[in-house]
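Chains as they are written, first to last, in numbering that gives the first Met the number 0: chain V, 0 to 357; chain E, 0 to 335.
You can trust all of the hints, since none of them are fake.
If you anchor each label on the Cβ, the simulated ranges turn out as follows:
#1 E:Pro254 with V:Pro188: 50 to 60 Å
#2 V:Phe216 with E:Pro109: 39 to 49 Å
#3 V:Trp144 with E:Leu238: 48 to 58 Å
#4 E:Gly122 with V:Glu20: 57 to 67 Å
#5 E:Val36 with V:Leu334: 18 to 28 Å
Since the hints were derived computationally from the structure, they do not count as laboratory data. Keep in mind the model is a prediction, meaning the values are calculated, not measured. Yeah, the Cβ is synthetic: ideal placement off N, Cα and C, and Gly gets one too.
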Amino acid sequence: MKRETGDLEPLAPVPPSRNVEALRRLGLSAGLSALLVAVLAFLASSDPGSTLAGFFLSPFRARNAVPSMLEAAAPLAICALGALLAFKAGHFSLGGEGQLYAGAFMAAAAGAAVVPGPAGFLAAVLAGMAGGALVAAPAAAGKRWADADVLLTSFLVSQVALYTVDWAIGGPFRDTGNNLVAMPAIPAPSLLPRIMSPSTLTPAPLVALALAVGLWFFMSRTREGTMLSLYGRNPLFARLQGFPVGTLSWLPIVAGGAAHGLAGAFLALGSNGTAVRGMSGGLGWSAIGVTLIAGNEPLAVPFAALLFAWLDLGARQAAIISDLPPDAAMIVKALVIMAATARPLLRRLGGIMRGGRP
Amino acid sequence: MKRTLVALAAVAALLASCQGRTPARDLASVAVFVPGVASGSPIYEMLVAGAEKAVAGIPGARLKVIEGGYDQSTWLDKLRDIAASGEFDLLVTSNPALPELCAKIAADWPELRFFIADGYLEGNPAIHTVLYNQAEQGYLVGYLAALVTMDRNPGGPLVAGLVAAQRYPTLDRLIQPGFEAGLKAVDPGFRLEYREIGNWYDANKAAELARSVFDAGARVILPIAGGAGLGVVSAATELDRSVVWFDGAGYQLGPDTVVGCATLAQDRLVEERVKALLEGKRLFGTADIVGAADGYVGFDPGGPAYAALPAELRLRFETAIQDLREGKPDFTLTGF
Numbered sequence: 000m001k002r003e004t005g006d007l008e009p010l011a012p013v014p015p016s017r018n019v020e021a022l023r024r025l026g027l028s029a030g031l032s033a034l035l036v037a038v039l040a041f042l043a044s045s046d047p048g049s050t051l052a053g054f055f056l057s058p059f060r061a062r063n064a065v066p067s068m069l070e071a072a073a074p075l076a077i078c079a080l081g082a083l084l085a086f087k088a089g090h091f092s093l094g095g096e097g098q099l100y101a102g103a104f105m106a107a108a109a110g111a112a113v114v115p116g117p118a119g120f121l122a123a124v125l126a127g128m129a130g131g132a133l134v135a136a137p138a139a140a141g142k143r144w145a146d147a148d149v150l151l152t153s154f155l156v157s158q159v160a161l162y163t164v165d166w167a168i169g170g171p172f173r174d175t176g177n178n179l180v181a182m183p184a185i186p187a188p189s190l191l192p193r194i195m196s197p198s199t200l201t202p203a204p205l206v207a208l209a210l211a212v213g214l215w216f217f218m219s220r221t222r223e224g225t226m227l228s229l230y231g232r233n234p235l236f237a238r239l240q241g242f243p244v245g246t247l248s249w250l251p252i253v254a255g256g257a258a259h260g261l262a263g264a265f266l267a268l269g270s271n272g273t274a275v276r277g278m279s280g281g282l283g284w285s286a287i288g289v290t291l292i293a294g295n296e297p298l299a300v301p302f303a304a305l306l307f308a309w310l311d312l313g314a315r316q317a318a319i320i321s322d323l324p325p326d327a328a329m330i331v332k333a334l335v336i337m338a339a340t341a342r343p344l345l346r347r348l349g350g351i352m353r354g355g356r357p
Numbered sequence: 000m001k002r003t004l005v006a007l008a009a010v011a012a013l014l015a016s017c018q019g020r021t022p023a024r025d026l027a028s029v030a031v032f033v034p035g036v037a038s039g040s041p042i043y044e045m046l047v048a049g050a051e052k053a054v055a056g057i058p059g060a061r062l063k064v065i066e067g068g069y070d071q072s073t074w075l076d077k078l079r080d081i082a083a084s085g086e087f088d089l090l091v092t093s094n095p096a097l098p099e100l101c102a103k104i105a106a107d108w109p110e111l112r113f114f115i116a117d118g119y120l121e122g123n124p125a126i127h128t129v130l131y132n133q134a135e136q137g138y139l140v141g142y143l144a145a146l147v148t149m150d151r152n153p154g155g156p157l158v159a160g161l162v163a164a165q166r167y168p169t170l171d172r173l174i175q176p177g178f179e180a181g182l183k184a185v186d187p188g189f190r191l192e193y194r195e196i197g198n199w200y201d202a203n204k205a206a207e208l209a210r211s212v213f214d215a216g217a218r219v220i221l222p223i224a225g226g227a228g229l230g231v232v233s234a235a236t237e238l239d240r241s242v243v244w245f246d247g248a249g250y251q252l253g254p255d256t257v258v259g260c261a262t263l264a265q266d267r268l269v270e271e272r273v274k275a276l277l278e279g280k281r282l283f284g285t286a287d288i289v290g291a292a293d294g295y296v297g298f299d300p301g302g303p304a305y306a307a308l309p310a311e312l313r314l315r316f317e318t319a320i321q322d323l324r325e326g327k328p329d330f331t332l333t334g335f
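This is chain E alone, in the form it adopts within the complex (with noise of 0.2 Å):
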């Protein structure tokens, strides 16, 4: 009994100090919900660097980065567990999976507020979204693509191929017709070769639907697969084919293979966005539609692959990015 009642104390010193240390509820406390991994994702890596940039600006404000892991079923409980913790304010994330999900947090706790890069919900009260328009990404690397290809076998299959983790809205309504629009800007005979590799992390079965692709004549694919997207470059490298890039610079990932990157200013749209949050804009409730015309797509031509290519080339890619910028072609979106 007495071994029992002194067990019990000192359980209770212990929880009494763990309190003790618990933070206290600050006004601009900021939790980071990656959806994914961090780390070797580019989206990522520059949703976190936005955010804490933005909070390393504001007086007393704090910040704590919560990954959520790749399995999707497991984001709902994860957010719930964010809001249920009581520790934060605003939420920030990432992914176009995520306004109806934040949507349904913000149902059962109205306090808390949400800002989702990469995703669109317009008029809930808790929630600013901005969406990237990324029709106009794919375009650009839809358009070196095709230019890409006709250099390097003239009078070739035109065939370019997309490899993709999964079909999302995204990816049917924006990514996809884009790539495509970029593919027929330069010649309107191009065809495009779309695989499937059923989740983002399988980079074997990426290499091994890559090596289909270029079987089928392609001399560039577009991965969109997350990590996945290593395979096509390592069988893209095998094969001496090409890969363009999406999100983020990719080109070490194959300095020699990877000829473009299409970019989006994520960390830069983060930081804005999060500190105009922070010192009170009214953008809850909105939803924004940003792209190339105000520089958050665009392209980065610091590669090797790409400093090799052709100088024609380079300056007829450049043109069209310089128009894409002047609005032609026009893919102003209003809604999503």
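Chain V on its own, in the form it takes in the complex (with noise of 0.2 Å):
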């Protein structure tokens, strides 16, 4: 039909702010686990009351069970940020996991061999954070002079840190004294204090946050941020503004190695005391999976993390409580993500539907 001079076209519904979008997709997703959970309870479960109840209410019910929560989604949070970091450069990095690895080993190693005390803890901290950005470290220099892949290099380069870690921490790092594949333990003056026994809480809970708020200022408030965040969306673009692209390609990749690293480092000097065997556990993995439920947005990462705290503690005390398989929080979270991810598609589905174009 064709139209009349003066019909106007309406004006499209102003989207909302990416907070309000990264809230309302955390809101879903919490929302979707408690479903799931409750969908898990009763075909799992052959007490679905108690599985229930050691879901929703044993995590929050216990003296030590809130701040061991917290505790436990920092280090994720500190990944998923770094994670975050490289995303938004453009860079699909998904060597997390043997960055966090290499951090802890070398966090514990340093722990150890440095005088205890607030110098021990430094020097931990500082080597955590340069094995994380020793194992981001290839990918970026391969991104910088090759163009190499980053997803396929970060990979790569973070298997072969996780067989060396494994044979570093089982080997000529053990501890022989130890009946656990670990390393020595390190002197408790360079630990992380514990603020609220008997709960693992540190104040690592606290440095998430302080980086989640300051990545949020550096992405939306600094110059740099911003031509990251352009460089990151169109490079081409970027090197004809005259951006440091050069720079730009390496940087955050390293940078969010670095931060995996400190994850490392924090779970080292926390209630392990060390690095053991294995105590990367799949956090690096997560943390890609909060990166994508928090949509890129810094200030939501904290909130994502602690969902996943929550899935993973909660389903530990349902298996303790009643008969629900632990792996239980690894089945959810996967759901989780591929809800959140798939949320776009979904709302093409819905609108073909409704009746409207594809």
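Combine the two chains into a complex, taking the hints into account.
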């Protein structure tokens, strides 16, 4: 039908701000998680009531539960912030797991070697960050000088790091007096101080929160952050604008690696008190899920990490007081990540079903 | 808004119903923490069986088995979760690595008590441990391995194998020295070929290492490798060699290959100690060591491959078992 002159196109609705969108995504993820947990409780447990109590009440009932949940969320959030920084620059780095593990290893080695106290703590943190950055460096160098695919190189180097650290912890760096495959204990004065016994809470969650605010400020309030974001969306445009694309092609990858290394250092300096073989435990992979659920928004990352920490703790508590398999949290997390990342597709399908155009 | 209120009310009702069903805290509530997977692991199957028998004999007592999986790095968190749940009075477990992890938990939850079999920690007022004298257990299978080697290959190389998952203090200080003492008690010229897998589950790697040990001239291998030990059995079966087994009856894994099984009476020990603790016996803070003399370390003669050994060999071995029970040789431990 021909439009008459003077007819105006209706204005498109104003899109919600990115933070509101991230919060909405988080809320939906939390709701979906709760729903999936309830379904799992009825499908996989012979005592759904206890399973639901384990998931929804136990993580908040015990005197140490909430602080311990905050502590568990901290390394996850720090890793996710590192991954997010790389993602914002357009580098889909999959090396987080190896970077975290290398960070834990380096921190345990430095923490045990340097004089106990603040110096030992600082040395462990710096060594951890250096370890993570070191594992990220080959992928960064490959991108900078050979335009290599970060997704592939970061994953491959991370796998090498995982095997190497496994070997080092179980071999030359092992504490042979320990029945666990672990490195020598870091002296207590060099560890993160516990601030709410019997929970494992340390200042690590505050560091994660500060990093989230810092990254938000950097990305949204500084010229360098804007450049990084524009480079991530369109490197050619960034180059034509005269941005330092050489630096932007590698620095976010290394900085992301350092963040993973910091998280690894906090794992070693926390309740473990050293590096134990296998302690990365999929955190690097979970962090990618946290980033996706947070919609790549730094301020939403701590909340997404908290959601994952609750799922882990809830599943473990449900396994203790009922018969739910402890790996149930993995299933829920996977489904939530799928749902969060499939939202644009679902929205489009919804549009089609309502009779709109595909 | 109305829909939100209805949803909130539904969630509140659900939570309230769940809380009603949460079991109340009992005076004798026992958690059995399996640091691995119970099924297929004789030592952990006996741990569970012993605890179940003990709890069955105490009116009002209840038991929950919680598997910790193979990832050692998660055990501390899982133990902390058990303590934090507030559901249990006594945590029962079994592994040499557990005493120090439980000591960390005990410091934060002083009301929780621990019984750890196959571990040693003295002086912690919340923890009772019992260590098996595994030097004696190693001696038994070493002695048998030496006899079988000399019988199968007279005049051949005096070599036996040990394929372990990883090095740990109990292996270094008890099992391996005991195994070597058993070999050398038969012939001082025996030599040990040692290989390390690096984990407790990789049966393929274990089989590969076992083949290299057999290539080095060994006729018999002792695997100390958990589930990975199956790889050693399959390699031995394939090459028509033999295996001596540890900790439980392993004959069914290779009826023609497993020539002997040194056993631990873990089910009996766990049953006795858990029952005593639930009855209020003051054992916490103490650490015991048990062995062949009191029947906790022994040998299972019920396998077809053992029965097929020459009668003279079996007689010599059974004499050695009897001598060990009488303290010859003497492996007395006063601490660990």
